[in-house]
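First to last, the sequence lines map onto chains A and B.
Numbering-wise, the first sequence is residues 1226 to 1552 according to our numbering.
Numbering-wise, the second sequence is residues 1226 to 1552 according to our numbering.
Keep in mind that the hints are not guaranteed to be accurate.
No distinction is drawn between identical chains; accordingly, a pair holds when it is met within one copy or between any pair of copies.
In silico DSS-like pairs for lysine-lysine, Cα to Cα no more than 27 Å straight-line [to be verified]:
#1 Lys1231 x Lys1526
#2 Lys1470 x Lys1231
#3 Lys1231 x Lys1453
#4 Lys1351 x Lys1282
#5 Lys1401 x Lys1453
No wet-lab data here; the hints were simulated from the structure.
Protein chains: 2
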Amino acid sequence: MSSEEKLIERVRRRFPISEKGLTIGIGDDAAVLRPGAGAEMVVTTDAFLENVHFLRKVHPPDAVGYKALARATSDVAAMGARARYFFLTMGLPGACAGAWLDGFIGGMARAARRFGLILAGGDTTKYPKIVMSLTVMGEVDRGKAVLRSGARPGDLLCVSGRLGEAELGLRLIQRKLHAGKHWTMLLKKHYYPEPRLALGEWLATHRFATSMIDTSDGLSTDLGHICKASGVGAAVFASKIPAVKVPSELRGLGLDPLGLALHGGEDYELLFTVPERFSRRLPRRVGLVPVTVIGEIKRDKEIVLLGTDGHSGALESKGWDPFRKKS
Amino acid sequence: MSSEEKLIERVRRRFPISEKGLTIGIGDDAAVLRPGAGAEMVVTTDAFLENVHFLRKVHPPDAVGYKALARATSDVAAMGARARYFFLTMGLPGACAGAWLDGFIGGMARAARRFGLILAGGDTTKYPKIVMSLTVMGEVDRGKAVLRSGARPGDLLCVSGRLGEAELGLRLIQRKLHAGKHWTMLLKKHYYPEPRLALGEWLATHRFATSMIDTSDGLSTDLGHICKASGVGAAVFASKIPAVKVPSELRGLGLDPLGLALHGGEDYELLFTVPERFSRRLPRRVGLVPVTVIGEIKRDKEIVLLGTDGHSGALESKGWDPFRKKS
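Work the whole structure out from these sequences, hints included.
As structure tokens, then:
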């Protein structure tokens, strides 16, 4: 057995290998799979790169594995689809092929079980840095995928969970406050984000949401994507945003909860719109995930933030954009 | 428009954007696609990394784009499937976002047209090196995918095209003989490999092939994969192997055509088995691609090379294995 085959075998052992619908999984030239009757396939790919998306010295290997899969799966949730299969291509330094890889696989396998994903294939290569790409496939009933482009004036703007929590974790890391156990809970959302699969599927199945996106780049940027794709604007009420709670001990760090919630990326919550006539039927939570109305879709193509002080102003996109020049 | 959106827009302009079966392409959280009635989806992913799979200073950008897509598509051909959609995740240095990227996209767009592939999504990030992963999806009629595991004793072993041509190109590069125009034709297979889609689909549709793989790692390694998956062995006739022709001017470099053909990787030809009773109906070429019988599947689980001198010996896998320790 070649060393690459041994590596593939080590990965394969940690994942369930067969499932109805997956005709051929790992071990042939390609996977063969069969969507359920009346279903469409939802497909997304996501790069996850050392020193861009994670730091080998900071992020525990199991968090790297968990998060890599979670963030790609979040795009499937944002279409309202059920998660089905995933593929991993990976470049890996020889020094990481032992304990690091075991931790990584452990985290990824835990995420896969949690999200209902089957590893269906991949590719591994030796490389000086840890680089990977995840392909995640889901299924949705024909015509029920929720797009970015369906928001209409008058729709309510809603968000799941709490915003800014992942960004707070990142700020703690940047300030080297992550190592001790004191702030472990505040790092959880940054290390182990939760794609909102159940909520997304619920919204799609009941045709509740007219548009949907996941908050990977931050509310201000992702709301911009919905408004642009739908040809609309929005008004957001600052007082309604479920912002991260910053512990009083950290107040000296100048962390503004509203700023973290508006522009912080990687929460992987769902941002979606529902027609106003559904407002009474809108659940306050789906499973354990709270849903909050934070604004309204407007005909005017601008995004306005209505402040707690009564003032209002344009909400500019300040989220993640890897190719933007630093000012 | 953000710089990432501008980059996506530049890529999108070069590719056709919609096609029957693709409900949602680039621009939402994920693509939505619908396999044809009675079809199964074939999915493969492939990493393509600077300094492992190509060198920025050697390989022209359009060859990088062409080859990245061709090698992933070859896995779809090796299942006997039609190529349909592809996804590109990419890390890219800022210095490559101009002319280099234009050349790269040009080569990839040419490959996509040639192979019948639609770009359905992707992900771009700034990165110090050029790293990418291709996901290619195909379709095959239900139950007709050709696996590695179907070879039976008595089957004829066949290969398409000519073996060792890509390895010859690589050797010329290693000897720095690639820059001049004199050997341009010898570099073609290394720069612009051709996935054998028409042949693969023909073999699957007519249920001619009992097993199939593409020669990405080299004949000696890829034949090993077929034999292992099928629980069989093989006899290969050295005299029948369609080996690369090494020009007489290069004979001083010690390049053995048979050695290049047996162990050289990246030809992306199809290696397949057909029942002996089909031998008379086996076409000598499909389209412009020649097909050659080079051996036979045996019950004994060993792979034997019958030399031109009448001697025979075990054929050991000496192809590409990125995690093998260098001896």
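Here is how each hint holds up against the structure:
1. Lys1231 x Lys1526: For Lys1231 and Lys1526, only the inter-copy Cα distance (20 Å) is at most 27 Å; the intra-copy one is 55 Å.
2. Lys1470 x Lys1231: neither (46 Å within a copy, 35 Å between copies)
3. Lys1231 x Lys1453: between (48 Å within a copy, 14 Å between copies)
4. Lys1351 x Lys1282: So Lys1351 and Lys1282 pass the 27 Å test inside a copy (19 Å) and across (20 Å) alike.
5. Lys1401 x Lys1453: neither (37 Å within a copy, 51 Å between copies)
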